[in-house]
Amino acid sequence: MRGARIRQSWRTLATLGLAAVLTACGGGSGGSGSGGGTGITPPPPPPPPVSKAEAYRFLNQATMGATEAEAQRLIGLGDSSNAYARWIDAELARPASTLLPYVEAAYATLSTQPNFNLAQLNAPRLEKWFENALRGDDQLRQRVAFALSQIMVVSQVGALQNLPFATADFYDMLARNAFGNFRDLLEDVTLHPAMGVYLSMLGNQKAVAGTNLRPDENYARELMQLFSIGLVELNADGTVRVDAQGQPIATYDQAIIEGFARVFTGWKWDCASTQPNCSFNTVRPQLAPVPGYNQIRPMRFYPEQHETGAKQLLRYSGVALPNGVLAATATPTAQDLDAALDNIFNHPNVGPFIAKQLIQKLVTSNPSTAYVQRVAARFNDDGSGRRGSLAAVIRAILLDGEARSAPSGANAGKLKEPLLRLTQFWRAYDARSASGRYGVQAGNFPGGVSNIFGQGPGQSPSVFNFFSPSYAPPGEIANANLVAPELQLATEFLNTQITNFFWTQAIARTTAQTNLGPDIMFIDTRAEQAVVADSAALLDRVAERLLGGASQLSATLRSEARAQIDRTPAGTAAGNNTRVADAIYFVVTSPEFALQR
Amino acid sequence: MNRQRRRFLRAAAAGGIAYAFGRTPGTVYAQMAGGGGYSDYKALVCLFLFGGNDSWNMLVPTSTAEFNAYYASRGGGTASSLAIERSALLPVDPLTPDPTGATYGLHPSMAGLRSLFDTGRAAFVANVGPLIRPTTKQQYQTAASTGHPLPPQLFSHNDQQDQWHSLRGREILKSGWGGRVADVLNSQLGGQQLPVNVSLAGQTFFQAGNVATPYVMGATGANTFAGFGTTGVAAERRAAFEAVAGASYGTIYERGFASVQRRAVQFADTVNTALGAARSFTALPDSGVQLSPLQTQLRTVAKLIDVRARLSMSRQIFFVSTGGFDSHDNQNDDQPGLLGNVSASMASFYAALQEIGMENSVTLFTQSDFGRTLTSNGDGSDHAWGGVQVVVGGAVRGREIYGRYPLLATNGPDDVGGGRIIPTTSADQYAATLARWFGVSDANLTQVAPSIDNFSQRDLGFMIG
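Sequence order for the protein chains is A and B. Be aware that the first sequence starts at 1, since it is given in this note's numbering, and climbs by one per residue. Be aware that the second sequence starts at 598, since it is given in this note's numbering, and climbs by one per residue.
Quick caveat, the hints were computed from the structure, so don't treat them as lab data. Values in this document were obtained by computation on a predicted structure and should not be read as measured data.
Only some residues are given here: those of chain A computed to face chain B with a beta carbon under 8 Å:
1. T211
2. L231
3. P248
4. L415
5. S468
6. P473
7. E560
8. T568
9. A594
Partial chain A-side listing against chain B, Cβ under 8 Å, derived:
10. R214
11. P215
12. Q225
13. Q254
14. A410
15. A412
16. G413
17. P474
18. A478
19. Q497
20. T499
21. S590
22. E592
Where a beta carbon is used, it is the ideal one built from N, C-alpha and C, also for glycine.
Only chain A is shown next, with the shape it has when bound in the complex (with noise of 0.2 Å):
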């Protein structure tokens, strides 16, 4: 009953806010000015319907991919003072798709074949993530689940590689926890022996006098600088503080990392039913999947390797334990995490810096320092009082007046993610494969997804990501003290591979090919077949589909991509076929498609 409510004063606060905005840069029609003399205010114009473009850039930001069905489906939700919000409410909702439970049933499979290793259930779970960010109905809680895995990084490259199940877990715990509360995420993925063992906080020890034993500081590092606070300090509109020379302001220092490092020791894989008297040193991890099995669970407490003294945490204006100081304890306790997670939890970096990340994977890669300012609110009170509500956080973003008006200048908007140009354009073709399998290593990406696009689910490179949130290339961007985060990634090797692969896609892999591979993907070009006489009605088709209008396709584009096509005569099956693949492939390798209205 609390939780409606709070949503229902949600709603309202967001119509509000939205129709200011839609008030202020409308246009002509707002019709509030002094009336014509006769005393008598008109009642406003309702507001207008969201039209194809919005719905496409509001579903870009929110879910795997626009496509036009789901852009008719935003449209008859209301008008544009409603329908985003009764769109997000009903994504809120939805349960989450998972990945572990395909994972085991492929393990149940492949694990009877010879040679079997874990290491090949990475693909299995690949395989699931195209298909939940492809055809999964909770896609605004996959694409926060995918913005959130890059922020708390977990990958199979390395410690991972053969613990497949805890990989795809913590995914799933991460999709569960995309519309909670920050402080469970915290803890959560604190607690998840995938991160225990990628940041090696399981198995972490007490120091040992007289040797040159201590606590390890890797999970107490990252958790700081990545996952919640960052280096420096920050003021609530997610700017840099300075010190009076003008120096950021460091949020911790090597004996606060010592602290917390102190703080997570104790912790390893929990005994499963097969260890009924395991302790610390005796543990293992089960490698396959049994009901309730220790890959899957939190980590476990084990007191007699846990730090009893004195700990330093973060300091801060209004900290709770005194000084910012956990007081020794006479018995090893698993409060201290608690009590340390509450201490990073409450920090004020908390709100701008994770609204400030959440903004730029989802909306903007410059947003302003208002907009910032305006989500770490909701962060830090959801309207109730309570602090950390990612479902706030996400509302906030998402119908924020930065993110629904029109897109203007030249910091707006954003470069796509590589993985996601390539979940929207399948997504804005219906793609498969004969199988219904969405196939990874069978001749879709040779050499593996991040080798093409540089980017997999779960395949990051380390802890830092694919990509930094403050890469700013050389020259116009760098110089302007801008940054464009995806561009890191933006090679002109990857770009090539990227733009081949699309070409591959767009010339041999349709439904106008037969004896497709069973795994192989393809595209639906039925529609473009239909029209394929016509390079403008060919073009506009691509256009539609891909950018949510014709008349989003700039006049170079449009002008160079119909000349492409007109370069080959319709009529025949491989003329027709050509000119299909000519007018996909320049939209969808174009500057316009890369970006992120």
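Add chain B to chain A, keeping to what the hints say.
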């Protein structure tokens, strides 16, 4: 404009030459005249060891007092030991003995590097790291009150990588030092067909210039464009693609993306045609032997050096990398493979350069996020500061250890806690020494290494000439 483009296209197709044009003010036309700006050829190869190499286990003291300090601080003989046993180390014999009488050995997996060192083709620079000014332990400990400048965010991966890449100190810099070397030399390098900076390992801040733009290719070269050809519709497709990439766009994101698309087309044929003419190396063969990813990158570098004349190159900076050095876990198990690969890659790269007589013109040097703690977290080490770097090449004044190798004692004079060693040689000095050899004048050195004037020694002396 359009007609001109088509005409050029036809000419190129008819002539069967690798053409590269764009709407960018281009380098390419000018270069057809041929000839880089220098009469000699020099290349720098930056080998970045991602994650933070635990280099105190790469070059290790072997003399009794120094080894004992190392062995104790690394927990030798305990369950959490990170120490290498003295008997396993590969002794090295520098031409100039350490004035303290200390002697050193290499990690047992690095026989290839030892051989390069013994023959004078490699040198070590001990205890080098990001610094703004020379820094003592006391200055470090009191920096907050005295304002003694320290590089910000010490012990953080990306920040310290950025320090190595950019030498930024506390300034906000938009460029890396490799990029700035290119900026400085660019006016003398008009004829080069490729940018000075080429990466075989992705985008790197190291190569970003204020003006000069790097080129990123794959580990085995550039991709060709699948839909493009030199005749007919496929040739027209390429021209149309370049026209789209060359159009003007309203957002910074489209402009950034379009410029990459343009360069990708512009350089792909140039690179691949040239690489097609490169020889196969015995030391880094094209087939029959499983090369590591690092060796594959270095093989391509060697091939590009082999065909330097075709590309009119006289100065090149290559970026290659290998990762996995963030050894918080399983260090004793992982380190032999990591360092063994580095050693074998250096040795085979040097041998490949010998095959084409270019070993005296090419200098490979390492950089890494940071050194690591001497103390153990159970089965690994954590982030620290100073460490040892390696320089390889015929122009290196080799078989020497430059800088001051510290006493590896916890709570020793150079330890700021936990066995985090303060560097006594700065990354600026290291970079400046390499940049001078490469051709940067003394007057331009501060542009490359902004803090160099804070250090008395502007050239560490490890390069000949």
